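Full structure from sequences and hints, please.
Going down the list, the sequences are from chains L and Z.
Numbered according to the UniProt record's numbering, the first sequence terminates at residue 361, and the numbering increases by one at each position without gaps.
Numbered according to the UniProt record's numbering, the second sequence terminates at residue 130, and the numbering increases by one at each position without gaps.
Just to be clear, a hint being listed does not mean it is correct.
Unchecked claim - Computed cross-link-like contacts, PhoX-like style, restricted to lysine-lysine with a CA-CA straight-line distance of at most 25 Å:
#, chain 1, residue 1, chain 2, residue 2
1, L, 200, L, 19
2, L, 337, L, 19
3, L, 44, Z, 44
4, Z, 44, L, 337
5, L, 293, L, 317
6, Z, 66, L, 293
7, L, 316, L, 44
8, L, 45, L, 293
9, L, 293, L, 44
To be verified - With the Cβ distance kept under 8 Å, some of the chain L side facing chain Z (calculated, not the full set):
#, residue
10, 37
11, 41
12, 44
13, 48
14, 211
15, 212
16, 213
17, 214
18, 318
19, 319
20, 321
21, 325
22, 328
23, 359
To be verified - Residues of chain Z clear of chain L, computed beta-carbon distances all greater than 12 Å:
#, residue
24, 33
25, 75
26, 78
27, 98
28, 101
29, 102
Simulated from the structure, these hints should not be mistaken for lab results.
As the structure is a prediction and not an experimental result, all values here were calculated from the model.
From the three backbone atoms N, C-alpha and C, an ideal C-beta is built for every residue, glycine too.
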Amino acid sequence: MKKTVDVSLPIGPVHPVFKEPCRIKCETRGEYVINAELELGYVKKGIERIMVGRPWQEVMFLSERVCGICSVIHNYVCIEGMERINDIPVPDRAAYLRLVVNELDRIQSHLLANYSYCYTIEHETLAMYLLNLRETAMDALELVTGARVTCSYIIPGGVRFDLTEEKERSIRTMIDHIDSELTRFVHMFEGGSLIALRSKDVGTFTREEAIESHAVGPTARASNLDNDCRLFHPTYKKLDFESILLDEGDNYARIMLRFLEVFQSTELIRSALAQMETGTIRGGGEIGGGFAKWSGEAPRGELSYSIDTDEHGRVKKIGIRTPSIMNIEACVHYMLKGVHSSADVTSTYISSDPCIACNER
Amino acid sequence: MVTFLYEKDLREMKLIILSSPLHEITMAALCERYGIRRQILRRKMINTFDMSLLENIPARYEVWEKEQSENESSIESEFGATLITRQIPLLTEDEMNRIIQQTKEKISAGMGKSQAIDEGMTMIREVISS
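Structural data, given as structure tokens:
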């Protein structure tokens, strides 16, 4: 159905604040946004189709290639899904190490998201501070897994490498550094009057809208919708995990919630390192035939894998539902509606932490 | 859907989205529920929805399924009114209200409930196919 509109404002596919290509088409009255639409398809990878017919040994590596920012959780959920097909047990130490790596990945992803937001509202100083701090999390990730992006750390029945005492001490020092530096940056964010002007009551997203669009992760939790998959994860349960919720549902709340979740992640890492006992890190295991659907909490929200394998562990069918699918849709159809300035379109879009790579899996 | 003169036709990309494994399951459920051919439903979705909404269809369907179990007996829930007006907006609220109103009038005029709902479903199919 073609529609005739008064003013149409296309943003993208290539735009200075977009990390990845997409096109937002805003229907506006002056600068007031009445409606918005999103067009994708510039970087479609077709990974689901590439995975079909391949053995699990190849699929576990391909799953990491869905997203370069949150590759650990793709590895984590894909392997845990496969483990459920054949009931492969995971040693306690390996389960805690998986959690540590996942939380380090969350820290770097949240810091990158907040960097992008600060950069978009042109607070470059804070943006660069955050990007610099992210390097500490990336270094910690590299220390544990041996890689920065496609770590391939998690394997069926365990993890690849153990954590030596020396490395453990380094990790503790790094997360202490993140905590102390981030406290300073959060004060800068809270005290910045211009930040509040650009962020408070902008891109408001209600709880009802979050339910309707199935928003997930920090985007939903900033609107007081608790759907954190970590609440049901066996390892997180051992650490008495509780999710953080905020009420406001605006850009400010979404950014603030990510800051709070970074502090929560460092606490979780400390608890996991404290509870972790010495022992084996690999139980072994082979993937056979069967079906499993498994979800995990990615930095951006619920990530689901539906995997169907044959008796040799080859993938017959696979469906990946990434959190950005829900969050980008929620952003475009709810948050952008009613935005008063076209400058706020980009900042609102970035506040939902969109990942086109995940969306175009 | 806003279209620009210089823009490429996006139907092929939209069809790729609709043929992913998770979408296939949702499309099959929708086709069965409303007795409509998949090609017709695909055409309607491609013409009406933008890509982000197309991507989110399985998740939106899940939300509706979860809410569905709470109130099952009303005419609105028989038609899946919230599903096709709010979750997956194939019909406008006015169109849906008109169909519901006509169905209620038929029932109060003495027509059997199941027959009236069948006729209502036919009207929904006609709107989707148009």
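Evaluation of the interface hint that places residue 44 (chain L) against chain Z, nearest CB under 8 Å: holds (7 Å)
Verdict on residue 101 (chain Z) as a residue remote from chain L, using beta-carbon distances over 12 Å: holds (24 Å)
Check on residue 78 (chain Z) being off the interface with chain L, judged by Cβ distance over 12 Å: holds (21 Å)
When the least beta-carbon distance from residue 214 (chain L) to chain Z is tested against 8 Å, hint result: At about 4 Å, which falls below the 8 Å cut-off, the nearest Cβ of chain Z leaves the hint on residue 214 (chain L) intact, so it holds.
When the least beta-carbon distance from residue 41 (chain L) to chain Z is tested against 8 Å, hint result: holds (4 Å)
Closest C-beta approach of residue 319 (chain L) to chain Z relative to 8 Å, hint status: holds (4 Å)
Chain Z contact restraint on residue 213 (chain L) - CB to CB distance below 8 Å: holds (7 Å)
Interface restraint verdict for residue 328 (chain L) against chain Z (beta-carbon cut-off 8 Å): This hint holds: residue 328 (chain L) lies near chain Z, its Cβ roughly 5 Å from the closest one there, short of 8 Å.
Distance restraint between residue 293 (chain L) and residue 317 (chain L), which requires alpha-carbon spacing of 25 Å or less: holds (12 Å)
Given hint residue 318 (chain L) near chain Z, where the shortest CB pair must fall under 8 Å: holds (7 Å)
Agreement of hint residue 211 (chain L) with chain Z interface, Cβ distance less than 8 Å: Since chain Z brings a Cβ to about 7 Å from residue 211 (chain L), closer than 8 Å, the hint holds.
Assertion that residue 102 (chain Z) lies outside the chain L interface [Cβ separation over 12 Å]: holds (24 Å)
Checked against the numbered hints above, the structure breaks none of them.
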